[in-house]
Amino acid sequence: MFELFRVIVQRDLLLAMRRRSDILSTLFFFVIVISLFPLGIGPEPSILREIAPGIFWVAALLASMLALERLFAVDYVDGSLEQMLLSPQPVFILVMGKVLAHWLVTGLPLVILSPLLGIQYDLSNEVLSALLLSLLLGTPALSLIGSIGAALTLGIRGGGVLVSLLVLPLYIPVLIFGAGAVEATVSGLGGQGHLSMLGAILIGALVLAPLATSAALRISAE
Amino acid sequence: MKKGLIHWFKYASPASFYPLAGRIIPWAAVIAVLLFAVGLYMSLFVAPMDYKQGEGYRIIFIHVPAAWMSMFIYVVMVFWAIIGLAVNTRLSAMMAQALAPTGAMFTFLALWTGAFWGKPMWGTWWVWDARLTSELILLFLYIGYIALRGSIDDNRRADRASGILLLVGAVNIPIIHYSVKWWNTLHQGSSVSFQQGSSMSSIMLYGMLIMALACWAYTIAVVMVRVRSVILQREKDTKWVKNLAEIQS
Chain A
1 MFELFRVIVQ RDLLLAMRRR SDILSTLFFF VIVISLFPLG IGPEPSILRE IAPGIFWVAA
61 LLASMLALER LFAVDYVDGS LEQMLLSPQP VFILVMGKVL AHWLVTGLPL VILSPLLGIQ
121 YDLSNEVLSA LLLSLLLGTP ALSLIGSIGA ALTLGIRGGG VLVSLLVLPL YIPVLIFGAG
181 AVEATVSGLG GQGHLSMLGA ILIGALVLAP LATSAALRIS AE
Chain B
1 MKKGLIHWFK YASPASFYPL AGRIIPWAAV IAVLLFAVGL YMSLFVAPMD YKQGEGYRII
61 FIHVPAAWMS MFIYVVMVFW AIIGLAVNTR LSAMMAQALA PTGAMFTFLA LWTGAFWGKP
121 MWGTWWVWDA RLTSELILLF LYIGYIALRG SIDDNRRADR ASGILLLVGA VNIPIIHYSV
181 KWWNTLHQGS SVSFQQGSSM SSIMLYGMLI MALACWAYTI AVVMVRVRSV ILQREKDTKW
241 VKNLAEIQS
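If you read the sequences in order, they're chains A and B. Numbering follows our numbering, in which position 60 of the first sequence is assigned residue number 60; successive positions increment by one, without gaps. Numbering follows our numbering, in which position 146 of the second sequence is assigned residue number 146; successive positions increment by one, without gaps.
Isolated chain A, as found in the complex (with noise of 0.2 Å):
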């Protein structure tokens, strides 16, 4: 079983290495929009500061929702999702490997560019560190939760704009904690609670989200 989800983490990583300009625009969409928001408001450090927690939030979220169209499409189109599916390996495993595959691709180089930006917005250290944290425990719950929307919306018209209706509601919670961490610390009230909640929340997630994704793909994939 640990060997089916190296092979399926494997090969979707090199599938990603293959087409670099995927993981790229991805990437570049979270830069961009974060630094959209200082031309925007003005580039008055305090208000910065304090509005920092929500811009990067937000645009994580957006940027994961927007690659999650290419976590099970492209083998969906060609047909390999189907054969995966009919193996007789555990599909709750191979949901598990292609998200993990996808959070590290799309992901974690969020986490890791976001204390960069967050120079940018005039944040400390103490702040910078809280906020990398809870990308860290909250971006894969984004990836395992979106991947139901993903699964639903498999082949269907106009299935972008879709994933989005359906995919945002259900992120609000690691929203809500996600930058309410940053925030607490922000205020210097300490962020440990809400990144407790953010772990139970990815928690949870690890546990339920393949279940609903599994049904979901077997459904689309009938």
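For the record, the hints were derived by calculation from the structure and aren't laboratory data. One or more hints might be untrue.
Which chain A residues face chain B? A few, computed with CB under 10 Å, are given here [said to hold, decoys possible]:
| hint | residue |
| --- | --- |
| 1 | G79 |
| 2 | L152 |
| 3 | V174 |
| 4 | G199 |
| 5 | I203 |
| 6 | A209 |
What the simulated footprint calls covered on chain B by chain A, stretch by stretch (three residues with Cβ under 8 Å from a Cβ of chain A suffice, anywhere in the stretch; the number is not a length) [stated by the list, open to error]:
| hint | region |
| --- | --- |
| 7 | 142 to 152 |
| 8 | 169 to 179 |
All C-beta atoms in this analysis are idealised placements derived from N, C-alpha and C, irrespective of residue type, glycine included.
Place chain B on chain A using the hints.
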């Protein structure tokens, strides 16, 4: 017991449920009209003015029932989704489909009347408070369900996919509820609870309960009308539909 079971399964078939729904509609509609008449009379004329909130408080007579219905209808939809996914009955998915617009309507109504209430009482149309936000998210969930349902052409796939979405939303609702609850809350606590009884005067409470029952009856009537058209639309190629009197005429 055995007989009871057979009786219920009989109505799981669209063909036998269709006439039953037709018989329920007039009853539910009449009850709804009567209850609305009584409830509105009680809430607008009989119930005393609130000493603190003035006449504006009367909005709660529609606001609270609408908010109750918005949540309750979602639960009923989840129930039908589970039944549909578990035992694969066609009718349960149709019921969920028929309930969704009414649920979305009540959610919207609760938000809208809440805004009308909030302006004179809080001095603002909208605050980002826990209850308001959860209700707004509930509206998004309804819209997501309707959108997903509408964009899949294959009925069977649409039923099952939207059923899964309902289940995921149901898991998420308590999380959403508690996550937004941790913000500072402006919305007042519930005035009615099962443990402590009500903190309102009894005439107000009865007015509100009658309005709630009226909303129930209204929902049943409207959903039956809608489920009948869903059945006709989806079973249009079957023989029993072609033999119906209203189709042949």
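These are the hints, each one checked on the structure:
no., hint, verdict
1, G79, "violated, 18 Å"
2, L152, "holds, 5 Å"
3, V174, "holds, 9 Å"
4, G199, "violated, 14 Å"
5, I203, "violated, 13 Å"
6, A209, "holds, 8 Å"
7, 142 to 152, "holds (count 6)"
8, 169 to 179, "holds (count 6)"
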